[in-house]
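K.L.:
Single-letter residue listing:
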Amino acid sequence: MKTVAFNLMPYKDLPADFEKKYASVWVTIPRTLYDPRKGHEYYHDYLDALETAVDLGYDAVGVNEHHSNGYGLMPSPNLMASILSRKVRHSDTTSLVVLGNSLALYNPPIRVAEEMAMLDVLSGGKFIAGFPVGTSMDTNYVYGINPSEMRERYYEAHDLVMKAWTTEEVFTWNGKYNQLRYVNTWPRTAQRPHPPVWIPGGGSVETYDFSLLNDYSFSYLSFFGHKYAKKVMGPFWDRADALGKDRNPYRAGYAQFICVSETDAQAQIDYEEHVKYFFAKCMHIDPRFFEAPGYRTVASLRAGLRSQLDGTAKVGKAILDEGFGWKELVESGYIIAGSPETVREQIIEAARELHVGNLIWLFHVGSMPQHLTLKNLHLFAEGVLPHIRNLWPQWDATPFWPSGFGDPEPQDARHSAA
Amino acid sequence: MTEPTTHTYQVNARLAIDTLEAGSGEPLLFLHGAGGLAWDPYLDALAERRRVIAPFLPGTSKSNDISQVRDLWDLVLCYYDLLDALGIASADVIGHSMGGMIACEMAAVDQSRVARLVAIAPAGLFDINDPMPDIFAMLPQELAGRILIDPQSELARMLGALPDDVDEQVDVLIQRLSTLNAAAKFLWPIPDKGLIRRLPRIKAPTLVIWGRQDGLIPVGYGETFRSQIPNARLEVLDQASHLVQLERLPEALKLTLQALQGQAGHAP
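For the record, the sequence lines run as chains B and E. My numbering applies: residue 269 is where the first sequence begins, and numbers increase by one. My numbering applies: residue 35 is where the second sequence begins, and numbers increase by one.
Isolated chain B (complex conformation) (with noise of 0.2 Å):
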């Protein structure tokens, strides 16, 4: 098993009342909010933060893209990836994913290519490269996309950058919404034919498809956790056996909120204000701005209103409404918190359950300081990873994680020259 060290970067001083006062968290959060020179201390506290990581030996340090968004404060998580670029370079066992960029938000997407190219060459061809589609805050209330050609701007996105990053010669682009004369990506990327690329989602059945039919490694991003996630890994392996696919399971991921303290007492005393605060706060966005009519397909809409209507359905902060304390996140798996023993036994029965190879450690909760930030990650590093490092062992992970840098030729020359 692979664990990714991940931080979205919560702005970590909402007002008290914030979810009383306040519509959301995402799209209209009053900008008034921010006080910059926080933001300037979270900022490199974050960064310090996934620096360690990397110097505790993680498989990979993550960022990720949101707009207007006061949990996540990465409009542009390539910027952050360039500065932990020049971390990574010096690491043997780190890598480096954004997980991910928005294509479909990107005009022309050849930015994208272009700047993952930077990133993978700057890391020395350890680098991860992320393609969500993307929520529906993000692209079509705050980006303005049209919800009806989000998917389709999405693939023809995608194929563009692909194309771009696989093709020797200049080429020309007519798309549906891209025209491209002259395409040709300086510079090319480190990696041979292209990094390795993950597919964040929400569990649609086109992405599970889409990640399967490419080889690409499908994660699943929520906030739930464990328990719940099993609900979307369940169908994507059964449509893996479908699709003729092997269940390597690097092929799949998850987020999950961890929190590792000295005993299961002191991880309650040391987390609880910091969980609650992601849960009443961070997840405190306007139901107004859930989805964009569009956004999803019908046949995706049906199967989720049958659920709404017969009352099946209850998720995310429905369920923290109802007077969710520390026990039940911990019960309901939304969180796994205790002591390095606690937590790595819940995490390989976890992973066994989801048959997942890759841990997107959400490492960082809500409003956690930096000293809970630093020991979370380092009581992990000590006494969880090496625990929970052979769990796949006749799996082979590559096929969906960097080589460094593969070519080995420039190196080589630059050596002899020296």
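Read the hints as simulated data drawn from the structure, not as lab findings. The structure presented is a predicted model; accordingly, all values stated were derived computationally and were not measured. Hints may be right or wrong, so weigh each one.
Pairs of lysine to aspartate or glutamate, EDC-like flavour, derived with a Cα cap of 16 Å [to be verified]:
#1 B:Lys643 x B:Asp313
#2 B:Lys444 x E:Asp108
#3 B:Lys444 x E:Asp105
#4 B:Lys495 x B:Glu621
#5 B:Lys544 x B:Asp313
#6 B:Lys499 x B:Asp313
Derived CB-CB ranges, DEER-like [said to hold, decoys possible]:
#7 B:Glu474 x E:Asp201: 19 to 29 Å
#8 E:Pro165 x B:Phe439: 55 to 65 Å
#9 B:Pro654 x E:Leu173: 46 to 56 Å
#10 B:Phe439 x E:Arg246: 51 to 61 Å
#11 B:Lys444 x E:Arg191: 36 to 46 Å
#12 B:Pro667 x E:Asp201: 56 to 66 Å
#13 E:Lys96 x B:Gln638: 55 to 65 Å
#14 B:Phe439 x E:Thr36: 54 to 64 Å
#15 B:Asp483 x E:Gln175: 57 to 67 Å
Glycine included, each C-beta is placed from N, C-alpha and C at the ideal position.
Fit chain E to the known structure of chain B by using the hints.
P.N.:
Chain E only, in chain B's frame:
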């Protein structure tokens, strides 16, 4: 009410358009708004005097797919193709809300195909100083409060009614969502696609009807339509919101029929 008949016209190589039709006589095209097409008392009354043809916006009926229409320009051409399929060279056109926007586009782009125009609270403009609210970020009950002056009225209950059976509920809700999905294609993120530049091209005599208390598109927009369309008249009805033709049915009907009896516009 008369039971309308349904028809499907293959309008071009890619697209079929479904219609509801009733009545006889001179053809009258009705283009529905983002709430979708329902055979209502306004259409029923019009069908007593005219042959009313009410197409479903592509993507809102069972036989077609919104992805077959690329953009607003493509949609306007599809409606000309529909007129061709119907064998109609020039028709009177009524459009409500989004349908009013499309009707204006049809009249502006090819002046020969729209004889008389009735635009009921048309979309298509956006005044940054008097913005219309975002219909795509609204809870259902909020929308009801904005399109009707009295969300407790019998009309409101009729429009919001859901069947008891879960399967039928799913069908109704899917129909509403699909309609909104299709509408979003032409109205996202704000419904200004440059119509104001084309309004002066409209040759057809035009009646603009607005509800004074329109909670969705402010009544002030009506004056802009009137002033930009060369041969236009604006009628503002009091005690009415966005569904003005249903909320003030007798008055809206009377105004519509008067406008349809006037001299038609001529092709240049």
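K.L.:
It remains to establish, for every hint, whether it holds in the given structure.
P.N.:
Here is how each hint holds up against the structure:
no., hint, verdict
1, B:Lys643 x B:Asp313, "holds, 13 Å"
2, B:Lys444 x E:Asp108, "holds, 14 Å"
3, B:Lys444 x E:Asp105, "holds, 11 Å"
4, B:Lys495 x B:Glu621, "holds, 9 Å"
5, B:Lys544 x B:Asp313, "violated, 21 Å"
6, B:Lys499 x B:Asp313, "violated, 35 Å"
7, B:Glu474 x E:Asp201: 19 to 29 Å, "holds, 24 Å"
8, E:Pro165 x B:Phe439: 55 to 65 Å, "violated, 43 Å"
9, B:Pro654 x E:Leu173: 46 to 56 Å, "holds, 50 Å"
10, B:Phe439 x E:Arg246: 51 to 61 Å, "holds, 58 Å"
11, B:Lys444 x E:Arg191: 36 to 46 Å, "holds, 43 Å"
12, B:Pro667 x E:Asp201: 56 to 66 Å, "violated, 44 Å"
13, E:Lys96 x B:Gln638: 55 to 65 Å, "holds, 57 Å"
14, B:Phe439 x E:Thr36: 54 to 64 Å, "holds, 59 Å"
15, B:Asp483 x E:Gln175: 57 to 67 Å, "violated, 46 Å"
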